[in-house]
Each structure stands twice: as C-alpha cells, then as structure tokens.
Amino acid sequence: MAIENETILIKTSAKSLNDITLRIKEQVRSSNIQDGICTLFIKHTSASLIIQENADPSVLRDIENFFKKLVPENNDLYVHTAEGSDDMPAHIRSLLTNTHLSIPIINKELQLGTWQGIYLYEHRNHFHERKVIVNIIGE
Amino acid sequence: MAIENETILIKTSAKSLNDITLRIKEQVRSSNIQDGICTLFIKHTSASLIIQENADPSVLRDIENFFKKLVPENNDLYVHTAEGSDDMPAHIRSLLTNTHLSIPIINKELQLGTWQGIYLYEHRNHFHERKVIVNIIGE
Amino acid sequence: MAIENETILIKTSAKSLNDITLRIKEQVRSSNIQDGICTLFIKHTSASLIIQENADPSVLRDIENFFKKLVPENNDLYVHTAEGSDDMPAHIRSLLTNTHLSIPIINKELQLGTWQGIYLYEHRNHFHERKVIVNIIGE
Numbered sequence: 103m104a105i106e107n108e109t110i111l112i113k114t115s116a117k118s119l120n121d122i123t124l125r126i127k128e129q130v131r132s133s134n135i136q137d138g139i140c141t142l143f144i145k146h147t148s149a150s151l152i153i154q155e156n157a158d159p160s161v162l163r164d165i166e167n168f169f170k171k172l173v174p175e176n177n178d179l180y181v182h183t184a185e186g187s188d189d190m191p192a193h194i195r196s197l198l199t200n201t202h203l204s205i206p207i208i209n210k211e212l213q214l215g216t217w218q219g220i221y222l223y224e225h226r227n228h229f230h231e232r233k234v235i236v237n238i239i240g241e
Numbered sequence: 103m104a105i106e107n108e109t110i111l112i113k114t115s116a117k118s119l120n121d122i123t124l125r126i127k128e129q130v131r132s133s134n135i136q137d138g139i140c141t142l143f144i145k146h147t148s149a150s151l152i153i154q155e156n157a158d159p160s161v162l163r164d165i166e167n168f169f170k171k172l173v174p175e176n177n178d179l180y181v182h183t184a185e186g187s188d189d190m191p192a193h194i195r196s197l198l199t200n201t202h203l204s205i206p207i208i209n210k211e212l213q214l215g216t217w218q219g220i221y222l223y224e225h226r227n228h229f230h231e232r233k234v235i236v237n238i239i240g241e
Numbered sequence: 103m104a105i106e107n108e109t110i111l112i113k114t115s116a117k118s119l120n121d122i123t124l125r126i127k128e129q130v131r132s133s134n135i136q137d138g139i140c141t142l143f144i145k146h147t148s149a150s151l152i153i154q155e156n157a158d159p160s161v162l163r164d165i166e167n168f169f170k171k172l173v174p175e176n177n178d179l180y181v182h183t184a185e186g187s188d189d190m191p192a193h194i195r196s197l198l199t200n201t202h203l204s205i206p207i208i209n210k211e212l213q214l215g216t217w218q219g220i221y222l223y224e225h226r227n228h229f230h231e232r233k234v235i236v237n238i239i240g241e
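Protein chains in written order, with our numbering: chain A, 103 to 241; chain B, 103 to 241; chain C, 103 to 241.
By construction, these hints were calculated from the structure, which means they are not laboratory data.
There may be inaccurate statements among the hints.
All copies of an identical chain are treated as equivalent in the list; a pair is satisfied when it fits inside any one copy or across any two copies.
When the alpha-carbon atoms are kept at most 25 Å apart in a straight line, the in silico DMTMM-like pairs for lysine to aspartate or glutamate are as follows [as the list claims (entries may be wrong)]: (1) Lys170 / Asp158; (2) Lys145 / Glu185; (3) Lys171 / Asp121; (4) Lys171 / Glu108; (5) Lys127 / Glu108; (6) Lys145 / Asp158; (7) Lys233 / Asp178; (8) Lys117 / Glu166; (9) Lys170 / Glu185; (10) Lys127 / Glu185; (11) Lys117 / Asp137; (12) Lys113 / Glu231; (13) Lys210 / Glu106; (14) Lys117 / Asp158; (15) Lys233 / Asp188; (16) Lys171 / Glu128.
If we strip away everything but chain A, and leave its shape as in the complex, we get (with noise of 0.2 Å):
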C-alpha cells in the first residue's frame, strides 16, 4: 500500500466547464499504484469539481444557464459583495457542486463510466490558475 499526493495547477477561463479528464488520467497512470482510488481536492471556494457528460457540449452549456438563473449575479441579493458581484454567486456555486471527487482505480485505470468526464467549474467572470490537489491510495 501507497500513498502518493500531487499538486496540479489548472489554467481556467472564465464561468465555463473545463475537462481535466485526461489529465488526471495520466496521473493516475503514471503513478506506482495499481488498484485504488483517487480523490481530487480543489483548494478554493469559488471553483469546483464535477463529472459530467462528455459527449454533447450542450449539456455543458445548460448547465451553466441552470446556474445562472439559480444563483443570480444581484448584488441586493448578498452582503458579502466588496470582492465583485460575481464571488458571492461562486461560493454558493462551488457549495451546490463538490469541493472533492474520489474515484475508483483498477489496473491504473480510473473507472469512468463511458459518458463521464472530469471538470474544473470555474464559477468567477475571470480565468484563474487553480491549485487541484491529486491523492492516490493504493497498492
């Protein structure tokens, strides 16, 4: 049994859907550990992780309509507004979605299903380097 921890940093673009599928992929296969899993952890609050779909782009895009109109850009609407009226949004954003996603790892495979791909959810109006944090456990 094994433990590795590796620090990925992700270039994002504004409010949109980015695919780190093949990038965590690598990791996990470039690792020493066969069978396991691997749990990604994202070191901020106004970004998240998530699987989605991976085929049609347009499921990605409603998506983000869902999001807008859920968690409005309305600064009446929040106190916390001196970082900008798109932070407080973020925060909410990256609370209804997931902070962690942990998966399971066979034959240095992670076990997608065929339709699912991994995505960094950048929730502000300007692109960012995000710090992902990828934690192998296994033998």
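Guided by the hints, dock chains B and C onto chain A, whose structure is given.
Positioned in the frame of chain A, the structure of chains B and C alone reads:
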C-alpha cells in the same frame, strides 16, 4: 491493508429513490476488511447516490417533489433535448446530489447513523440497470 | 499504512455554520499518520458538512439566506411535517450540501486552501449535539 473493488448492478424504477443500504452492508460484511472506508461510485450522469432518512417514506416523496420544481422538465429551458425532456434535468439533478459517497467501516459495519439509508436516485423517466462500484479499503 | 476512526461530538446552535476546522486539524496532528487522507462523515440527515470561505463572516450569512429562499419552511410544500416545519427543509439542505468530506493530508497537515474552513451546517431550528466520524487513512 487491502483494497477490494466490486461492480454491482442495480435495477431502478422511473424517477425513484432505490434503497440499496442492505446490499452495501452485505458487500462490506463479506469483504476481508475489518476497519476502513467504503466508497460508492456510480458510473452514470443521469442517476446519483444520496444518504437520507430511512424512517418516513414521505421524506423521499418530498425530495422528489422538490427536485421536480427546482429542475423542471421544460424543453424551452435547455439546448440538450435530443435524448428526451427528462435527460437534461437528470444531469442537473445528478450534479446537485452525488456521484460518490464515502462511509467509514468499523468492525465490518458501515457507520451509518440510525436514521441514515443509502439510496440510488434514478432521475430518468424509465427504469435502468445502473452500475455502482463498491470500493473498500482498509485492514 | 494504518486506519484511525474517531467519533467526535459537536454542539451546534440553531441554523448556523459551525467552524470545526481547528478541531479537525488537531485530530489529524494527534494521529499517527503522516501522509494520507482524512474523511469526515456526519451521522445525521438534517445537518451537513461544507468547506467554505473563512475570511468574511458575511459569506456565511449570505449562504444561510440563499438556502432559506431556495428551501422555504412552508408546510404546504411538504408531506413530511410531523417533526416540525424545519425538518423537511433540513433534509433537503443536507442533500444539497455534503454528508462527507475528504481532504488530503501531507506532513500531518490538512491540505486546505488559505481561505478554506470546514463547517458543520446545522439546518434545524434548535441546537443539537452532532456526531461526526473522523476517518484517517495513511502511513
């Protein structure tokens, strides 16, 4: 320390919360692991996993009614409609709930609270056979 | 490799975000594990766990206001009302947040981002004593 990965198949009915607690408990008891952690991972993006109250069935009905309102089946709201009017809402409902759950194990027993049950939440309007990986790590 | 499971009790106040970061950090430092992963699991379905901004307290206020609107306490919306008008909303709020959190550990330190705090989110209208399992796995 050891790792076990088992894929189980769950037959669901339409838009329903399917109690899989007993099945997961049995999987944990029949493993060779005494203390550790059990992670469930669903290989789909239109069904999800939740932990919820197992006592009053009306809790499950209220949850379904809440999501019906929060994520309406209305094709005017979505671009992705080719797979049916229930598909895009199913993706969003999955996103708002969980693709994976992790539950500690002590003495071969899942450490659920007294009123906690594990449910596979089918978000589509037809029954499916869903794949869930049961990943157990421990000693 | 080793596993430690510890149950801790957290006294909450009504409808509040209770900062438990220091308590969890101490638990990790006093463990015998240097590198690994810490999973928190709450044994309830009307309180939950979140990671959120720890700098400006108005973020926490805005989160509570958002959930008050999203999941109103209005008995006309729910069948399950026998345990009080705050009970069913508490279940739904728990569902939309987290029953468990996993955070990597490096050199006995939880790898939280600079602005990340761990909160136990009490969704009921009265204080409670909540049980959280701190599961640490590593070497």
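Right, here's what the structure says about each hint:
Taking the shortest Cα distances, Lys170 and Asp158 sit within 25 Å of each other both inside one copy (20 Å) and across copies (23 Å). With identical chains, the CA atoms of Lys145 and Glu185 are at most 25 Å apart within one copy only, with a shortest distance of 18 Å there and 35 Å across copies. In this assembly of identical chains, the alpha carbons of Lys171 and Asp121 lie at most 25 Å apart only when taken from the same copy (23 Å versus 29 Å across copies). Taking the shortest alpha-carbon separations for Lys171 and Glu108, neither the intra-copy value of 36 Å nor the inter-copy value of 39 Å comes in at or below 25 Å.
In this assembly of identical chains, the alpha carbons of Lys127 and Glu108 lie at most 25 Å apart whether taken from the same copy (13 Å) or from different copies (20 Å). When the C-alpha separation of Lys145 and Asp158 is checked against a cutoff of 25 Å, the pair qualifies only between copies, where the shortest distance is 17 Å, while the shortest distance within a copy is 29 Å. In this assembly of identical chains, the alpha carbons of Lys233 and Asp178 never lie at most 25 Å apart, being 31 Å within a copy and 37 Å across copies at closest. Taking the closest pair of Cα atoms, Lys117 and Glu166 come within 25 Å of each other both inside a single copy (8 Å) and across two copies (23 Å).
In this homomeric assembly, Lys170 and Glu185 come within 25 Å of each other (Cα to Cα) both inside a single copy, at 18 Å, and across copies, at 23 Å. Proximity of Lys127 and Glu185 under a CA criterion of 25 Å is satisfied in neither setting, with 35 Å inside one chain copy and 28 Å between copies. Taking the closest pair of Cα atoms, Lys117 and Asp137 never come within 25 Å of each other, the shortest separation being 35 Å inside a single copy and 34 Å across copies. For the homomeric pair Lys113 and Glu231, the shortest alpha-carbon distance inside one copy (4 Å) is at most 25 Å, but the shortest distance between copies (37 Å) is not.
Proximity of Lys210 to Glu106 under the C-alpha cut-off of 25 Å is found in both arrangements, the shortest distances being 14 Å within a copy and 14 Å between copies. In this assembly of identical chains, Lys117 and Asp158 lie within 25 Å of each other by CA distance both inside one copy and across copies; the values are 18 Å within and 23 Å between. In this homomeric assembly, Lys233 and Asp188 come within 25 Å of each other (Cα to Cα) only inside a single copy, at 20 Å, whereas the closest approach across copies is 35 Å. In this assembly of identical chains, Lys171 and Glu128 lie within 25 Å of each other by CA distance neither inside one copy nor across copies; the values are 36 Å within and 40 Å between.
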